[in-house]
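For this one, chain G is given, so just place chains L, H and E with the ligands on it according to the hints.
Each chain, written out:
4 protein chains.
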Amino acid sequence: MTDFFKDIPALRYEGADSANDFAFRHYNPDEVVMGKRLEDHLRFAVAYWHSFAWPGTDPFGGQTFDRPWFGDAIDLAKLKADVAFEMFEILNAPYFCFHDADIRPEGADFAENTRNLEIIVDYLGEKMQVSRTKLLWGTANLFSHRRYMAGAATNPDPDVFAFGAATVKTCMDATLKLGGENYVLWGGREGYETLINTDLGREADQMARFLSMVIDYKHKIGFKGAILIEPKPQEPSKHQYDYDVATVYGFLRRYGLENEVKVNIEQGHAILAGHSFEHEIATAASLGIFGSIDMNRNDYQSGWDTDQFPNNVPEVALAYYEILKAGGFTTGGTNFDAKIRRQSIEPADLILAHAGAMDICARGLKAAAAMLEDGTLEAKRRERYAGWDAPAAKAMLTDATLESITERVLSEGINPTPRSGRQEALENLINRFV
Amino acid sequence: MTDFFKDIPALRYEGADSANDFAFRHYNPDEVVMGKRLEDHLRFAVAYWHSFAWPGTDPFGGQTFDRPWFGDAIDLAKLKADVAFEMFEILNAPYFCFHDADIRPEGADFAENTRNLEIIVDYLGEKMQVSRTKLLWGTANLFSHRRYMAGAATNPDPDVFAFGAATVKTCMDATLKLGGENYVLWGGREGYETLINTDLGREADQMARFLSMVIDYKHKIGFKGAILIEPKPQEPSKHQYDYDVATVYGFLRRYGLENEVKVNIEQGHAILAGHSFEHEIATAASLGIFGSIDMNRNDYQSGWDTDQFPNNVPEVALAYYEILKAGGFTTGGTNFDAKIRRQSIEPADLILAHAGAMDICARGLKAAAAMLEDGTLEAKRRERYAGWDAPAAKAMLTDATLESITERVLSEGINPTPRSGRQEALENLINRFV
Amino acid sequence: MTDFFKDIPALRYEGADSANDFAFRHYNPDEVVMGKRLEDHLRFAVAYWHSFAWPGTDPFGGQTFDRPWFGDAIDLAKLKADVAFEMFEILNAPYFCFHDADIRPEGADFAENTRNLEIIVDYLGEKMQVSRTKLLWGTANLFSHRRYMAGAATNPDPDVFAFGAATVKTCMDATLKLGGENYVLWGGREGYETLINTDLGREADQMARFLSMVIDYKHKIGFKGAILIEPKPQEPSKHQYDYDVATVYGFLRRYGLENEVKVNIEQGHAILAGHSFEHEIATAASLGIFGSIDMNRNDYQSGWDTDQFPNNVPEVALAYYEILKAGGFTTGGTNFDAKIRRQSIEPADLILAHAGAMDICARGLKAAAAMLEDGTLEAKRRERYAGWDAPAAKAMLTDATLESITERVLSEGINPTPRSGRQEALENLINRFV
Amino acid sequence: MTDFFKDIPALRYEGADSANDFAFRHYNPDEVVMGKRLEDHLRFAVAYWHSFAWPGTDPFGGQTFDRPWFGDAIDLAKLKADVAFEMFEILNAPYFCFHDADIRPEGADFAENTRNLEIIVDYLGEKMQVSRTKLLWGTANLFSHRRYMAGAATNPDPDVFAFGAATVKTCMDATLKLGGENYVLWGGREGYETLINTDLGREADQMARFLSMVIDYKHKIGFKGAILIEPKPQEPSKHQYDYDVATVYGFLRRYGLENEVKVNIEQGHAILAGHSFEHEIATAASLGIFGSIDMNRNDYQSGWDTDQFPNNVPEVALAYYEILKAGGFTTGGTNFDAKIRRQSIEPADLILAHAGAMDICARGLKAAAAMLEDGTLEAKRRERYAGWDAPAAKAMLTDATLESITERVLSEGINPTPRSGRQEALENLINRFV
Ligand SMILES: [Co+2]
Ligand SMILES: [Co+2]
Ligand SMILES: [Co+2]
Ligand SMILES: [Co+2]
Ligand SMILES: [Co+2]
Ligand SMILES: [Co+2]
Ligand SMILES: [Co+2]
Ligand SMILES: [Co+2]
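Residue numbers (our numbering), protein chains in the order written: chain G, 1 to 434; chain L, 1 to 434; chain H, 1 to 434; chain E, 1 to 434.
Pulled out of the complex, with its shape left as it was, chain G reads as follows (with noise of 0.2 Å):
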């Protein structure tokens, strides 16, 4: 037992009208809703990289974070797993995802990264023994190094191609050994800088490439998870590949990765891209390739991933609805990719940030699950295409021609009158619920 949260109890439910900072007030676990454990429902994972690897810096400022185990040693990395799964049970958390950059100390080479790696994949592996919190998916860092400050995959130098390979392989193989139920991708660094020196269709194929390779190697191992993909228009890079939902669907369809890739969708990513949050679910449910969120807000003022832990319910709703109404999680989960602020300095912060998050989270699924049982809003939707289920109507999806079709607009003096979309109905209904 490390003293880090030495004064913070473990958080308990206590409903709504607690006057405990240190309690859930929403989120109880064990509620059933839609016949499914809430715990389930929203399978929660902490980010070990932000929460315990983050020192606080941001472009114009340095460390603010005062932690015993900052530093690069097997024995600090250590202490540092200490506090992470003590904190992991502080929030009774099920999952938690890390890069091997957060968990292990940076050596000198491939060799010293690896053997780092191994050492403290076996130190987790010993705590998840005695630990409810399971891995929700792994991950490795080919952004931060200079090595990849032009990619990893997508870099001008095959060198830096192999040096990643190899990485990811190390960290496949540590999220297979600790149980991982998803491995993703994060390409950072998979873009430009600038047009004027890259070579696009190259970077392209040298990007599917490694994919395959993945993709290959999980089959190899046994792997179970899913792979997926965390798509982000830009920032680091000026531009990053896998842009947005949209952009990683006709990348894995020009190479034929459809159905072995999925996409872990983050709030602030969406945002950056000029979508919502929901929108990205939605898209990605209605493409097939839905898998996991990272539920951080961007702030809307601020052109940057500010990574914050999500705090207003109505939106959360939206995005727990797309999911419910796309069947739930299966291995995807609700991460928080979120920082505490940086001048949120005290332990009992990040205690509360997660907390606050979990909360909002509950109310979130449990309002998208009250409209999803209403019922209504899924009837009005229906409404609106009703029209389509005419054999008419119909027949124009399979085997109507622009010239048989024009013969019936002229012939029935096909004349549409425009219907209301009642969009601010809509709204009020669903603010019956949030």
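Read the hints as simulated data drawn from the structure, not as lab findings.
Treat each hint with caution, since some may be false.
Which copy is meant is left open, so a pair is good if it fits within one copy or across any two.
Unchecked claim - Computed cross-link-like contacts, SDA-like style, restricted to lysine to any residue with a CA-CA straight-line distance of at most 25 Å: (1) K177 <-> E407; (2) K6 <-> L429; (3) K220 <-> D58; (4) K380 <-> A393; (5) K177 <-> T417; (6) K394 <-> Y255; (7) K394 <-> L195; (8) K218 <-> T398; (9) K134 <-> W49; (10) K224 <-> P391; (11) K134 <-> L176.
For chains L, H and E with the ligands alone, coordinates are given in the frame of chain G:
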């Protein structure tokens, strides 16, 4: 001869030092660049809608232009055509583009629309007999009339789908008849105002079906031009399905249409989608779907489509650089989907706006050609990827696996040294040409 | 009695569980909150222009609404007024707002405009005799007519300045006559399309002079309401001089008008200027110029003014929190400068949009009041600055110098320890109330 | 002589056709433009921080630059200074700028910081004895150290205010000692992360008080340079109080400081605030507070401060046009607050980035001067407002009232005819020069 442009002479190329406002300073159609006449490179087109149909309205204000042809009558439509062709002659414009709604009076129903269109198409055909101006592309306006307020192909009402399909047929017929070299679809209402009343999956299927019929009809009637989709992320819709080039590509792949359709890329729409113009062009080229451009800029501080004439040579040069690298236009061209500002109410403004834009484009293309002929930039780009020519590197793109690569990283102690991306040096290089 | 809203009953408060679409769930005008009736807190106003004058056009599409009063004639203007007051009654709206151009037919010149306005003002006056709906504010539309395309007060043509000034006089007369509680100026064309034809200094002087005359006239006629400027950064102009609250404040100070003018803050305009709504309200309050609000949101993914009805309680709550902290409205109120979507073509849509918004605002205000009465948030805020109560700290704000402070830093070895900003904990706190 | 730039020669002006990368093509310091040497117009300054202190980190990646002077020690700081002055000589840079934190090692407390600063200031002073490079401005870094995470002047903790004030004193002393021509304040942390823990009014008072002490101290020590505030809207803060030029002006007026302080305007910050660079310059000039510029661009598709070297002549020309119109720089100059990209890891990249930027600025300024000397643009601008020279128009700006104007509108039947703004024609005109 109308008297609309009565004091305005036909514009001639007079060289950079001309003091004449009504002259080209840089656009000499007969100048040969990279073995081709400038006119044949640039393939300028005037957009009928902004120049002759738009009354100067904006969301906060009414008509500012006072045009003798405004109003819904055949005679006025003919007067409009007369003035249009007078402008084409003044500008020595090789092409124009139109929507049905720009050239014909609005009818009460489909039959009347069709009759009106046919009359005006005949009239345009006669004018084209004695003009050198050809049709770059035709298109159907499926967004302005209230019947399309919830979409055309993606409308919840199948009657609107039918009306739109029949309308496209008439526009394809008109385009074929007038010798058009492309047919364009811009889906300004193919998207949604709110996700909560929308079925994404169904609407995508409708849109694909609609497009398939367009392709079938093209082949049926022997239209040899390209079918082009013009991406735009939003406005008027909150979300538009043809968001950007990558999204359109994904859509085409999904429905197996990627060999039948190309894109018409607009600078302003690229900006709205978070991309540079050259990015969209390079992306389309790398995906094999580059078709044509709308060379009109957006103001960088305005979050809507300002559709301004281009005025920045270095920016335009980068766009033409990507086009020339991709082999130049085939059926496509440089359309000015550009509005004079609503305060530019004099006939001369219309001429000067186009003349200035044509000069800017000529300067940009000539700079791009010089860069390409110089070859340094491309040599530097190739050099950056030269490591991939080594056998071990090539092998990674064909039969290596994560395991075989890992072995090689370990055995060879691969530990890549970063190399400069040389962005500023390359920017300096480009600035020698623009 | 017109038959426009013929099947729609007057809305009553029925409580959160009502199943009736045409009811208030949260807005009970007589509910007492912090010692005041909700109606007197919120002071709701319907905007005449969007609800009754806007035809549903957007930059890419024409009229979608089919209103029997559309057209330029006195009788139609009276019919419009009849329907407007019927809606006010259905909604039990305590206030409305108008521009001259909303309520009267457009005339051929100033004299005719004035005559038309006077006729309709008389008509409205009669209706107000038998209605409980009052006038929150009047204003002049100095942006829609083509004469204003280059500005009103800031026009390069002094005749436009004169026409605008005379028009404002008539609108102030009308506002006084109808018992209006404020007079608003929104300078949609007071800005520029391009800096290259603009003289910023001259236009600022013109604008200040215009405003001074408005203030003088207010005093002359004994108008007791507030003069309000509504900031907006751009659209329709590329740049609008009344950019945001801070900019307006600087302008007022520059010309010594800061005690005579307040601001009317719109959520959508705050967003366009890069601010949160609550930021603009808090800024205005801290500068002593807070007046009134336009409670209509912008879509966060659209770069133009979407003017939607509010639908997010947590956001609205933060706005009312700042308002209540500042003492609540005096002459100001909650105006809905909001458009139903152009697809919302049924009369019921108009009613439901307002009803939903009123409920959202009521929920927001009640949550804000509860937070304020609870007092924890304000206590935490004060506590954060408590160090400034110490004498040495206070002295720094009065008579210390850089030198005296430096001496103290050295002699006392001042080396401050950072303290947590507790942002997430405070966000959790707020989420107990919304 | 260090060997950092060992193979790089001093750059000379060689004319536009030079094939030498390490030469100026357009910047000839001795070229006389509008009666002044180019060097004296442009007054270029190198920014110490980005060029010598920034390690190439970004929010997602660590150090990429490998500089022998990195580390916290006096000797390393001296080595850094040696290399800096070697670069100044290579570039023939007339000026440089620094923060205290750039040039000295970080100490454990204020006393040590001060001692370190004094040592390095002495060292710089010696170097400046034998260099032609002068100090354009000095400044204090009150944002990077964790003590400033919640602001310096606006910190809730008065000890941080004190520490910051004492630090500014030492930086003003250093600036005076080194003959600096201006003193700059950039308030990267003077703002807030969240409004909910912030007292806007109190923080504004603190900031004004801090600034007043700076002004008093300036006069006390006989510093003759200008005090400059550098506006920026956000980043690192969610909201920064010195949002833009107009906001700073309002702040200065509020506290009566408008005659004592000017602004240092950065292109990238203008963009982030929703303005063009030339807008901010013209605004400052019209308000009488124009001081200096940071000539570094933001990428238009990135929502954060990319601080890139300028590379677009037409844009730069518009900025210098406003500067020349305002009389040119007095104490101010052209500082490159610009980062080479983090992939530009070679010493040559640092030189080439500056050289290219200096050429771009020289081209821009020469184009601007030519436009101004040509006089057509200014003549057109004046002509547009010529109507205001008439007596009746002038009278409206002095003693008219709404009533007297209304009478005149009626009696003279004033009904203004719109006149073209001629935007495109003027854009064409400008394009003759750039
Ligand atoms: Co993120
Ligand atoms: Co993420
Ligand atoms: Co456009
Ligand atoms: Co277009
Ligand atoms: Co608005
Ligand atoms: Co408003
Ligand atoms: Co900057
Ligand atoms: Co700067």
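Verification of the hints:
1. K177 <-> E407: So K177 and E407 pass the 25 Å test across copies only (20 Å; inside, 64 Å).
2. K6 <-> L429: between (46 Å within a copy, 23 Å between copies)
3. K220 <-> D58: neither (40 Å within a copy, 36 Å between copies)
4. K380 <-> A393: Cα proximity of K380 and A393: one copy only (19 Å, versus 56 Å across).
5. K177 <-> T417: Neither way: K177 and T417 sit 61 Å apart in one copy and 31 Å across, limit 25 Å.
6. K394 <-> Y255: Intra 32 Å, inter 18 Å, cutoff 25 Å: inter-copy only.
7. K394 <-> L195: Answer is between; shortest inter-copy Cα gap is 23 Å, intra-copy 46 Å.
8. K218 <-> T398: between (39 Å within a copy, 18 Å between copies)
9. K134 <-> W49: Within one copy, since 16 Å is at most 25 Å while 45 Å is not.
10. K224 <-> P391: For K224 and P391, the Cα distance exceeds 25 Å both inside one copy (44 Å) and across copies (34 Å).
11. K134 <-> L176: The answer is within: 12 Å in one copy meets 25 Å, while 61 Å across copies does not.
Hints 3, 5 and 10 from the list above are not met by this structure, while the remaining hints are.
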